[in-house]
Structure formats: structure tokens, C-alpha cells
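Colleague: Using the hints, put the two standalone chains together into the complex.
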Amino acid sequence: MAEKTRLFGLETEYGIQVDDVDDMDVVVESMELIRCYLHENFVARWDYERENPRLDMRGFEVDQLRNDKDETEHLQRDRERKIPLKELKSDLIIQNGARLYNDHTHPEYSTPECWSLFDLLEQDRAGERILFHCAQQRTATRQGGTVRLYKNNTDFEGHSYGCHENFLIRRELPFQEVIDALLPFVVTRQIFAGAGKVGVEQDRRAQKKVFYQISQRADFFETIASVDTMQRRPLVNTRDEPHADAERYRRLHLIFGDANMSEHITALKVGTTVLVLDMMEAGVLPQWSLQDPVAALKEVSHDSSYQWPVALADGSHTSALEIQRRYLDKGRAFAAGRDAETDWVLQQWGDMLDHLGRDPMGLVGTCDWVTKKWLLEAFAKSEGLDWEKADDRAWLQSQDLEYHNIDPEEGLYLLLESQGQVQRLIEDAAIVQAMVQPPQGTRAWFRGRCIAKFGAAVGAINWDSIEIEVGGRMEVIDLKACVDADTANYYNQVLEEVQSVEELINRLPPERR
Amino acid sequence: MFPENVFQYRDRAPRPVKPSDSGDDPVEEGPQRPKVERPDSGDILKRMRKVDPNQARRYRQRTGQ
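Quick mapping for you: the protein sequence lines, in order, are chains A and B. Under our numbering, the residue at position 122 of the first sequence is numbered 1183, and the numbers go up by one with no gaps. Under our numbering, the residue at position 54 of the second sequence is numbered 69, and the numbers go up by one with no gaps.
Isolated chain B, as found in the complex (with noise of 0.2 Å):
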């Protein structure tokens, strides 16, 4: 079976029921959104260059459901 070593098994997390500090979501039960600002697209451009640009022309798939 899968390789229980990989992780370990721990008791449930908790469910997220607590509101958070995100101020505009008036909800008081149920996960909030956290704001997230606009990311920084500096790292994420260099990764970007890394990608082969023939990728998508290589990548065929069979038809699927």
C-alpha cells in the first residue's frame, strides 16, 4: 500500500471555525478570506521563462470523459 512513512498520521486539524482578522467578511463562522494581495510577479516571471515554449505543441492527450 501507499508508503505510511511518507507522512504520518495525525489527529484531524481543525476546522477553520473562528473568524479571522480580514475585517470585511461579516460571517462569523466558516473559514474567511484572508486578503491576499496582488502577488508578486518577479519570481513567478523568471519561473515563467524556464518553460519550454513548445511545450503545449508537444503535450497530446487522448480524449478522455
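Here chain A stands alone, though its shape is the one from the complex (with noise of 0.2 Å):
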């Protein structure tokens, strides 16, 4: 596949902490938050009627969503505060394209839609900053306490929230066929992309023996494939809700990797599923059966030999590293020389699996698992503490925690980056710049400067349409075909170009109004 083919983007939920006072109202905290981006009031513009996350690409529709215990006593609390949902979720677009809103009390960040990955980087920092900023501005307001903000995905006491990736895919494909074809890379990709984890949860027996893992969320997969994010969570999401022509499209939503710190292993991460993608669709992807891939995600996460066994169907074993360097191989074969971006994926992929078959120690300052190991293992030295201790390993647990603060005068990872101590491949002046910026060329760019240049007469939003009044009434603009990078820049430079919201539906294709 040549460059400007497939579209990807991430969606993080961030933990949220009020240090300093009692009796913290997160679902307060966390709608306060995302309203200190605005300068006005709220108005409540994302359109929900677009949405059906029930709907499973197998071909059904499930009748509800699963919820743990806890989450739904919270939930029946909630619906006894009567609060409209779309105050609740205080959802925004913002002029960079991105959606930012409160997601089951976790402020998220989605990027906008990104053609290259060195824009997903720019886009995913600059939600890090955003939301930083927020942050900062809820604590100024509030009376008392301090806002912080974690990038991860635990709380170490079982309530996991994610970093999902979402890419455009094409439809053809039977969805089981998909599931087949990711498992193993899935189960495997952790092994560069884990962003490691003081102990285990949901597991007793584990919790015994592991003290340190290189995955955040492994412990939270339960089964192979379902529509379910909250509950009973699945290797592969079935959720089928494209934001595009769904006779063409899906979007494959996963939703088993970690949110990470590192630049170099966010681009990793996405660049190498990319590539796993491009070669789904081709028919060329190495092919494995699993004996059980969710054991085998659990396991591979908690091997602290770090030669990562893998059983087979057929009762052999291999290795995650095995996996991957097939996976690499591979690509290497598919689309070596097509583009740069591809050469770089390639390049560092093999780079990284080198090192992880040689020393993984050798990754600090580039890999989030190791660069955590290292900053936990230095300060148990330092301390005399001893991970089998439950005292000392909490204090453990709050610097796996302090890692991922997202202040720069507190968060251990940005700490080492301001002192050039970690592998940097974007610049912060791009970062900065991404804030109000959309990634060019893509529908993102249209929604994030449609919101700037003519945002008062916004009415309802979504990723796949924009709902504006023009001369009294309201006409809609679809997006979805603005997944084709020549659609999408057709319609920036309309918008580019025209002074006035009737101009801009007066040039636009009739069909797609």
C-alpha cells in the first residue's frame, strides 16, 4: 500500500487524582476539567445519535454493554444525580480536530484522524498538554487540592481504563478472518509496547510470584473477540461503528495495548499494526494458531525471564519474539522501499527485536517496560526495599505511577525527557503547533478549521459529519467520504477558500450535504 492509504488514530483515557482533599467527586472532577479548555459556556454539540456502540461486526447487536460490579453501582449513583448524559460527558472538538470529553469519568483525549505517524505523535503529545493545561486550570478554580493527571491504564487494584488505536480497514474481510489473523500479534506485540506494571490483578495466584510485568492492561483480557471495553474485555473489539462508508469500511478498534510515555514506542506500536494491517488485507500475513491466546497474553506479560514462551495449538511452543521477528520478516518482504515511514517502522522494529533477543536492558531510555524497570530497580537499591514486602511494594506501585503524571515538574518519564535522557522523535515546537492545528490532508483538518472559521454556527457534531445553519436552517455535511485522502483535501480547500458558511455548502457536492 503506498503513503496516505490507511487511517489510524488513538484514544486515551487518563486517570484522574485531587490530592489534598477528602472526598474527591470525579464525576465532577473529570466534567470540570475538560469545560477549563473552553473560555464560554458549555453547549453540548457531539451528536450521540450517530453513535451505536452495541452494534458488532459479526453481523448482531448486542441488547446492553457489560459493566464490572463497582462501575455499575456508580453507574445506578449517577442516574440518581440527574444530570443530562451529554453534561456529563462534556464532549468537545476542538480546533485540531481531536475530541475531548469525559468518558466514564476519565478525561480523554482522541486524536484526530492521521494519515502519517509522526502526526499521530504530535497529535497524541499535544492531548498530553491540552489536557495538562486543563489540569492546571481546574486546580487554579477549584477550592483547594491538586489536579494530576496520569497517562496509564491502572489504578493496581483492578479498574483499568485504556489507550485504544483505531485504523481504517477494508470491509471484505470476514471479521472472524481479522480475529485470526491478529491474535498472535496481539498476544506478542507487548514484548516492545508493554509499558510494564508493578504486580498483577485479577489473579491470585499470579499476584504470589510476579512482581513486575511488562504490560498495564494484560490482566484485563478475558476472551477472544466481543463487542464488551468495560467488562469480560476482549483480545480484538467487535464494536462496528466505522465514521465512514460501512458498505466499505471498518474501523478496527483495539483496545488491548498500554498508553505509553515514549514517542519512539508509540510510533512502534502503531507503525507495526499499520504494517501488520497492509498485510492482512494482502493475504500475506505468517499465520499461527494459539492454544490459548488470552492465557498466552497473561504469560507473556508476567515471564520476568523475558524469553516470552508461546504455546501453540499443535502443542508446540515458540516465542513472542519468534512471532515478531516472523511478523518483521515478513514485511520486510511486503513493503520494504514503498515509503519512508515504512522504512523507518522497519528499520527500528528490527532494531528493537535485536535488543529484546539480546539485552532488553539495553532499552532504556527508548522502551516504556524497561525504562520502568530500570527507575524501580535503581530506587528499590537505593531504599533497601524489597518487592515481596506489600509496603514496599506500594511504594513502588506510586513511582510506576509517578512515571506516567503528566506534569513536567513531577511525571518521572517527562523528568528524564527534559533532561534529554529518552529517545525523542518529534519536536516540541510540532507539538505546540498541534494543539490548534488538525494533521493536514485529512478530514480532521476539515472539522478542526470548519470549528475555527465557523464555529458559532456549529450545530451537531461528530467524527463523520457536521451539522451547520446556514440562512436559517440547518444542513448537514457528510464526512464519510472524506476517508480518501483526494475527498478529504477537495473539501479543506473549499473550506480554505470560502468567507461564508452559504459559500462553503454552495461549493461542496451536493451529495454530500
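Hints should not be assumed to be uniformly reliable.
To list a few chain A residues with every Cβ distance to chain B over 12 Å, as calculated [stated by the list, open to error]:
| hint | residue |
| --- | --- |
| 1 | R1119 |
| 2 | K1130 |
| 3 | D1139 |
| 4 | H1167 |
| 5 | N1214 |
| 6 | D1264 |
| 7 | M1341 |
| 8 | D1353 |
| 9 | S1365 |
| 10 | W1456 |
| 11 | E1470 |
| 12 | S1526 |
| 13 | E1557 |
| 14 | R1568 |
Not the full set, but computed from the structure, chain A residues with beta-carbon under 7 Å of chain B [unchecked claim]:
| hint | residue |
| --- | --- |
| 15 | Q1078 |
| 16 | D1081 |
| 17 | L1462 |
| 18 | E1463 |
The hints are simulated quantities; they were obtained by calculation from the structure and are not laboratory data. Every residue gets a Cβ at the ideal spot worked out from N, C-alpha and C, and that includes glycine.
Modeller: Given below as C-alpha cells:
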């Protein structure tokens, strides 16, 4: 596949805490934090009518989505507040085309759709900065307490939240084939993409012998495929909301990955997945049948030998590293030389796997789980901490959490970054720009620039549509076709040239209104 | 909207497309991996000692997606 043929994006739910207060209302905190983005009063514009998270790609609709016991009780209390859902979510589309909102009490930043890994990195980092600014604003306006945000995936007590990856894929491949094709990659990608975690959750037996694992999320997955995201989480999510022509496309919504602080790992995580999807659509992916993919995900994460054995369905064994090497070899044969970004992914992927096979600790400053492990071991040694003692382990969990603190004055990863001690791929100036500028050549550009140029006229908005007021009536601009680069460029050109909403509507193709 | 005086709109930063002098990366295009020596742990350990040992115990979240 050439450049600009697959859109992708990241949605990251952040953890939120207010220190120095006795009783934090996390519903109100998350809602108010999001609204700190605005200078004026919040107006609910997100169009929820176009969303249906119960539709399954395998051709059916479930009656309801699952929640765990804790969350079921919380939701009952939320309903008693009698705050409309739109107010609770405080959904915003902001001028860089991203979505900012309160997702189940987690401030969430969904990047705009990107064609390029480095656009995605800029947008993902922009989300950190935007949310940190909101946290500072909220701290300044609330009566006491300091609001802190964490780009991680767990509270170490069984409550997880996600960093979801979205990829536009073709619809013609039966979804069961998509699931089967992706499982070995899903199970093994964590050997470089994991963010690391002190301790184990959801497994009392493993808790007694595993004190550090490479993934934050692995403990929370219980099934191979389902439409659920909050309980009995699946390795492959089957939610069917393409936000594009549903006859031609699917939006692959992967929820198994960790939130990464490392730019290098974020780029490699997404870039290798794009390449695997390209190979899947071309029918050239290497094939494995794993004995138990859900168990393998946890076993790989928990394995402190870093040999990462994986059991195959025929009774034999391979390793996560070997599986990743085979994907890489196939990727080189399939796509080497097609464009600079792919070549970067192939080179860095190979480099990464070589280091993981030789000495993972050589990846300090590059790989999140390795950098975190190095920090924790150094700290444990300096303080005489014992990983097997509960109090010492709690302190190490506090350090684990602090690795993901997005305050640049406090967060451990960001401190290393400020000292030039981790690998960077993008410049701070580009991140600042991405906070207000959408990625070029995308429908996110149209969305963000439309908000900037004609925001007062915008009514309901969603990823694939904008309702806009013109001459006293509401017109809907349908953006589904703008997942095509040429169509997006045409729409964006029109938007830049027009002086009024009426001119915009008149110049867009009639079939798209 | 977001306070634009916090930052300035700039021309798009150029993509890093020229090879760096990292030496061991033969690919001629795309960003290279600069050599990052093993970080110095001194300053970071000082920072880590300031972390409240009970921060994680207080950190309770609701289940997300």
C-alpha cells in the first residue's frame, strides 16, 4: 500500500486524582476539567445519535454492554444525580480536530485521524499538553487540592482504563478472519509496546510470584472477541462503528494496548500494527494458531525471564520474539522501499527485536517497560526495598504511577525527557502547533478548521458529520467520503477559500450535504 | 476556546527526513534513533524520594473502557 491509504488514531483515557482533599467527586472533577478548555459556557454539540456501540462486526447487535459490579453501582448513583448524559460527558471537538470529553469519569483525548505516524505522535503529545493545561486551570479554580492526571491504564486495584487504537480497514475480509489473523500479533506486541506494571491484578496465584510485568493491561483481558470494553474485555474488540462508508470500511478498534509515554514506542506500536494490517489485507500474513491466546497474553506479560514462550495449538512452542521476527521478515519482503515511514518502522522494529533478544535492559530510554523497570530497580536498591513486602511494593507502585504523571515538573518519564535522557522523535514546537492545528490532508483538518472558522454556526458534530446553520436552516455536511485523501483535500481547499457558510455549502458536492 | 496566547501558531515543523550521525542506522530517510546513553539516575532518584509512598494506595479510579 502507498502512503495515505489508511487513517488511524489514538484515544487515551487518563486517570485523575485530586490530592489534599478528603472526598473527590470524580464525576464532577472530570467534567469540570474538560470544560476548563473553554473560555465560554459549555454547549453540548456532540451528535450521539450517530453512535451505536452495541453493533457487532460479526453481524448482530447486543442488548446491552457489560459493566463490572463496581461500575454498575457507580452508574446507578450517576443516574440519581439527574445530570443529562450530554452534560456529564462535556463532549468537545476542538480546533485541532480532536475530541476531548469525560469518558466514564476519565478525561479522554481522542486524536484526530492521521495518515502519518509522526502526525499522530504530535497529536498524541498535544493531548497531554492540552489536558495538563486543563488540570492546571481546574486546580486554580477549585477550592483547594491539586488535580493530577496520569497517562496510564490502572489503579493497581482492578480498575483499568484504556488507550485505544483505531485503524480504518477494508470491509470485504470476513471479521472472523481478521480476528484469527491478528491474535498472534496482539498477544506478542507487548514485548516492546508494554508500559510495565508493578504487581498483578485479577489473579491471586500470580500475585504471589510476579512482582513486575511488562504490560499494564494484560491482566484485564478475558475473552478473544466481543463488543464489550469494560468487562470481559476482548483481545479483539468487535464494535462496528466505521464513521465512514459502512459498505466499504470497518474501523478496527483495538483496546488491548498500553498508554505509552515513549514517543518511539507509540510510533512503533502503531506503525507495526499498520504494517500487519496491510499484510492482512494482502493475504500475506504469517499464520499461527495459539493454544490459548488469552492465557498467552498474560503469560508473556508475567514472564520475568524475558524468553516469552508461547504455546501453539498443535502442542509445540514458539516465543513471542520469534513470532514478532516472522512478522518483521514478512513485512520486509512485502513493503521495504515503499515509503520512508514504512522503512523507518521496519528498521526500528528490527533494531528493537535485536535488542530484546540480546539484552532488553539495553532499551532503557527507549522502551517504557524497560525504562520503568530500570528506575524501579535503582530506587529499590537505593532505599533497600523488598519487592516481596507489601508496603515496599506499594511505594514502588507509587513510583510506577508517577512515571505516567503528565506534569512535566513531577512525572518521572517527563523528567528524564527534560534531561535529554530518553529518545525523542518530534520537536516541542510541532507539539505546540498540533494543539491548534489538525493534521494536514485529513477530514480532521476540515473538522477543526470548520470549528475555528465557523464555530458559531456549528450545531451537532461527530467524527463523520457537521451540522451547520445557514440562512436560518440546518445543513448536514457528510464527511464519510473524506477518509479518501483526494476527497479530503478537495473539501479542505474549498473550506480555506470560502468566506461564508453559505458559500461553503454551495461549493461542496450536493451528494455530500 | 483554548487560550491562543499560551502558544503561537507557527509554520509546520519540518519532518526529520535527513539521517542523523547515529552511525548504526543504515536507512537514509526517516528519523534516526539518536544514541541515548543509559540515563544518569542521580537526579531522578532524588525526585523519586519525594513521591508519597502511599500515592498509589490513594489512587482509586473507576473502571474505564
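Colleague: Taking the minimum C-beta separation from A:D1139 to chain B, is that value above 12 Å?
Modeller: 10 Å, violated
Colleague: Say whether it holds or is violated: A:M1341 keeps its Cβ farther than 12 Å from all Cβ of chain B.
Modeller: For A:M1341, whose nearest Cβ neighbour in chain B is about 23 Å away, the distance exceeds 12 Å, so it holds.
Colleague: Over 12 Å to the closest beta carbon of chain B is the bar; see if A:W1456 clears it.
Modeller: 4 Å, violated
Colleague: Once the closest CB in chain B is found, is it more than 12 Å from A:K1130?
Modeller: About 10 Å separates A:K1130 from the closest Cβ of chain B, which leaves it inside 12 Å; violated.
Colleague: Is the interface hint for A:L1462 satisfied, with its Cβ closer than 7 Å to some Cβ of chain B?
Modeller: 5 Å, holds
Colleague: Determine whether the non-interface label on A:E1470 survives the test: each CB of chain B must be over 12 Å from its CB.
Modeller: 10 Å, violated
Colleague: Tell me if the interface restraint on A:D1081 is satisfied: Cβ within less than 7 Å of some Cβ in chain B.
Modeller: A:D1081 check fails; min Cβ-Cβ to chain B is 11 Å, beyond 7 Å.
Colleague: Beyond 12 Å from every Cβ of chain B: is that where the Cβ of A:D1264 lies?
Modeller: Answer for A:D1264: holds, closest chain B Cβ roughly 17 Å.
Colleague: Does A:S1365 clear chain B by more than 12 Å, comparing its Cβ with all Cβ atoms of that chain?
Modeller: Per Cβ check, A:S1365 is outside 12 Å of chain B; nearest 21 Å; holds.
Colleague: Just checking, A:R1568 versus chain B, shortest CB gap more than 12 Å?
Modeller: 25 Å, holds
Colleague: At a threshold of 7 Å, is the proposed contact between A:E1463 and chain B supported by beta-carbon distances?
Modeller: Check passed: Cβ of A:E1463 comes within 5 Å of chain B, closer than 7 Å.
Colleague: Does A:D1353 clear chain B by more than 12 Å, comparing its Cβ with all Cβ atoms of that chain?
Modeller: 24 Å, holds
Of the numbered hints listed earlier, those contradicted by the structure are 2, 3, 4, 5, 10, 11 and 16.
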